[in-house]
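Here's the letter readout for the chains.
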Amino acid sequence: MQFTSWAFLLFLAVLLPVYYLVPKRMQWIVLLLFDALFVCAAGTLGAVFMLVTIGTVYGAARWIDALFFRQRSRIAAMKQTHTKEERKRERLRFEAKRRRVLIGCLVVNVGILFALKYGAAIGRLSATLFHTRAFGSELMLTMGISFYTFSTVGYLIDVYRETIPAEKNPFRLALFVSFFPLLVQGPICRFLDLKNDLFTPHAFSDERFLKGSLRIAWGYWKKLIVADRLLVAVKALCARPDVYRGGVVLLEMLLYAACLYADFTGGIDITIGIGEWLGIGIPENFRRPYFSKGIAEYWRRWHITLGEWFRTYVYYPLSVSKPMRALSTKLRRLGTGVSRRVPVYLATMLVWALTGAWHGSNPTFLVWGLLNGAVILLSEECKPLYARFHRRFPRLTKSAFYRGFTVIRTVLLLSSLRLLDCYSTVGDAFSAFGSMFTTWNWNLVLFGGIQSLGLKWTDYLVAGAGVLLMFAVSMLQRKGPVRERILRRGPVIGVCAILLLVGTVLVFGRYGFGFDAGQFIYNRF
Amino acid sequence: MEPLLEILHDLHPDTDFTRETRLLDDGILVSFDIVMLVTRIEEEYGVLIPAKAITPEHFNSATALYALIRTLLEQDD
Chain A
1 MQFTSWAFLL FLAVLLPVYY LVPKRMQWIV LLLFDALFVC AAGTLGAVFM
51 LVTIGTVYGA ARWIDALFFR QRSRIAAMKQ THTKEERKRE RLRFEAKRRR
101 VLIGCLVVNV GILFALKYGA AIGRLSATLF HTRAFGSELM LTMGISFYTF
151 STVGYLIDVY RETIPAEKNP FRLALFVSFF PLLVQGPICR FLDLKNDLFT
201 PHAFSDERFL KGSLRIAWGY WKKLIVADRL LVAVKALCAR PDVYRGGVVL
251 LEMLLYAACL YADFTGGIDI TIGIGEWLGI GIPENFRRPY FSKGIAEYWR
301 RWHITLGEWF RTYVYYPLSV SKPMRALSTK LRRLGTGVSR RVPVYLATML
351 VWALTGAWHG SNPTFLVWGL LNGAVILLSE ECKPLYARFH RRFPRLTKSA
401 FYRGFTVIRT VLLLSSLRLL DCYSTVGDAF SAFGSMFTTW NWNLVLFGGI
451 QSLGLKWTDY LVAGAGVLLM FAVSMLQRKG PVRERILRRG PVIGVCAILL
501 LVGTVLVFGR YGFGFDAGQF IYNRF
Chain B
526 MEPLLEILHD LHPDTDFTRE TRLLDDGILV SFDIVMLVTR IEEEYGVLIP
576 AKAITPEHFN SATALYALIR TLLEQDD
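Residue numbers (my numbering), protein chains in the order written: chain A, 1 to 525; chain B, 526 to 602.
FYI, nobody ran anything at the bench for these hints, they're computed from the structure. Note that the structure is predicted; figures quoted are calculated from it, not measured. Check each hint, because a few of them may be wrong.
Now the stretches of chain A that chain B is said to cover, found in silico as 3 or more residues with beta-carbon under 8 Å [what the hints assert, rightly or not]: (1) 288 to 300; (2) 310 to 317.
The list that follows gives simulated cross-link-like pairs (lysine-lysine, DSS-like), each with its CA atoms no further than 25 Å apart [to be verified]: (3) 383(A) to 398(A); (4) 97(A) to 322(A); (5) 398(A) to 293(A); (6) 168(A) to 195(A); (7) 577(B) to 168(A); (8) 577(B) to 195(A); (9) 479(A) to 398(A); (10) 168(A) to 97(A); (11) 577(B) to 88(A); (12) 577(B) to 322(A); (13) 293(A) to 479(A); (14) 84(A) to 322(A); (15) 79(A) to 97(A); (16) 97(A) to 84(A); (17) 97(A) to 577(B).
Don't be surprised by glycine CBs; every beta carbon is placed ideally from N, CA and C.
Could you put together the complete structure from these sequences and hints?
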């Protein structure tokens with residue numbers, strides 16, 4: 001069930017009254033039942049995989065919790081009768097048991113994700129190598145599995161680290177795993193961030209409803225007026241790497257940057273807005289990312305929850321792990337600079353390889369991830385150089401012109417890397433990028449070329465106006481949330497803003513509201 | 526506390542670490558800094574900060590970080 005379908009709007013129209021009419025202690029149960037409906041509507045296979053995740057993670061978390069309890073009782077009992085060394089050995093024995101439970105559960109759940117993401121690719125590879133029939137299909141990748149697997153794995157690791165206790169009620173854990181607004185494209189939430197809101201009774205609030213509605217309307221506006229419109233041109237450009245080269249590739253990069261922003265942030269706006277309707281606070285996933293002055297800053301402001309997940313559960317544990325520290329110690333003879341950098345470099349590249357792999361099985365994603373990591377490390381190494389430049393030209397580097405330059409530079413750099421997301425092979429992406437410097441065809445870009453991409457001039461005008469409005473809103477957000485400022489002027493202004501957004505979607509929305517709107521781009525990851 | 530402040534100063538000479546209380550939340554300390562910091566703290570104080578302790582609660586200010594180091598040192602004893 002897509003956010004942009006009539007079925008989904010009907011689903012919400014039924015859920016909301018039921019959610020607020022049932023006794024408040026039953027609200028989370030209603031939500032769970034609607035989640036089950038949402039998941040089953042996306043396919044029974046997906047429901048089965050989700051049940052496996054809920055069952056295994058629930059069991060493993062309870063087991064780990066029980067091992068903590070038994071360890072404490074055992075160590076307390078040993079206090080008078082055993083030496084410190086013996087107690088330490090006992091503690092390590094329990095730690096090893098907990099680690100085994102954790103790893104076993106991770107293997108099952110990450111294994112399912114891996115098999116679904118890479119099954120088809122492995123099938124094709126095996127068919128090529130061993131001349132067998134290809135097995136697996138991309139269609140097996142079920143709704144939201146990348147997002148809920150990460151959230152659930154995060155929960156299990158938090159229990160293992162004793163950050164949170166294991167949830168005793170399996171149905172409550174099921175609600176966290178299957179919470180429907182998060183299944184389309186995240187954000188990736190932590191149990192400790194959501195659990196209070198998910199299970200606390202909520203009374204209906206006009207103010208919250210209005211606030212959520214405005215956010216949802218803005219999300220649909222971005223998705224249906226800008227993203228779905230621009231996606232037509234982007235798809236046309238990506239489909240013919242042999243034809244669209246030179247300046248057209250720059251156009252493609254910019255169109256895709258605007259399209260992806262409108263699509264992903266629009267979807268997250270809808271998700272957060274639905275959360276507000278239900279009284280459930282969902283964390284923000286973006287902080288005006290296209291205003292970043294460097295690639296590392298950009299990644300702290302784009303898809304924030306995925307970045308935090310990788311930092312918390314992969315990057316930090318890996319970079320301070322025993323083997324990494326041992327390696328760092330070994331390399332000390334090469335100098336402290338080298339030995340201190342090695343953990344950071346290895347962990348960064350591994351995390352980026354995994355981030356690329358998370359996006360899909362195509363090698364383009366892996367190369368995209370590794371290039372992101374390499375650029376981040378390179379800019380980190382250039383920091384002293386930048387600092388010298390800033391000291392040498394303080395007036396220039398503090399000027400709005402220089403800030404603007406760094407922002408545009410970052411957007412262009414990221415858009416270049418995203419070409420790997422546009423094409424099906426790494427070669428096509430690099431060739432298209434290179435052609436920008438070798439093929440001079442600006443007359444094609446400006447006169448005639450863009451009209452052959454499936455969009456009319458009016459479409460470009462509407463999308464351009466949409467991009468300008470998104471830019472203006474981002475500029476206004478620098479002084480605080482725009483929504484709060486609109487709603488502070490009173491509910492009538494708020495309702496007018498919502499009606500205006502919905503009205504323009506009805507008039508200008510691509511293919512008309514709900515007719516043939518595409519799925520969100522991030523849903524395929 | 527002095528050695529810790531020196532380490533922090535090496536990482537960001539322009540930041541006043543005696544005053545800042547949102548080092549992680551405001552992005553003053555980023556993931557690279559954190560790993561460097563953990564390595565330098567291990568060299569200086571002989572304690573390893575576990576990954577699970579890398580949270581805003583412990584890394585938002587020099588005082589909070591020093592308190593964490595003290596706690597870990599006491600646990601070692």
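Tested hints:
1. 288 to 300: Held - the region 288 to 300 of chain A has 3 residues with a Cβ nearer than 8 Å to chain B, which meets the minimum of three.
2. 310 to 317: holds (count 5)
3. 383(A) to 398(A): Holds. Residue 383(A) to residue 398(A) sits at ~16 Å (cutoff 25 Å).
4. 97(A) to 322(A): Holds, because 19 Å separates the two Cα atoms, which is no more than 25 Å.
5. 398(A) to 293(A): 13 Å, holds
6. 168(A) to 195(A): 13 Å, holds
7. 577(B) to 168(A): 23 Å, holds
8. 577(B) to 195(A): Cα-Cα ~20 Å, so holds.
9. 479(A) to 398(A): 20 Å, holds
10. 168(A) to 97(A): 20 Å, holds
11. 577(B) to 88(A): Distance ~20 Å between residue 577(B) and residue 88(A) Cα, so the pair holds.
12. 577(B) to 322(A): With a Cα-Cα distance of about 14 Å, the restraint between residue 577(B) and residue 322(A) holds, given a limit of 25 Å.
13. 293(A) to 479(A): 18 Å, holds
14. 84(A) to 322(A): 23 Å, holds
15. 79(A) to 97(A): Holds, at roughly 21 Å.
16. 97(A) to 84(A): 20 Å, holds
17. 97(A) to 577(B): 19 Å, holds
In summary, this structure violates none of the numbered hints.
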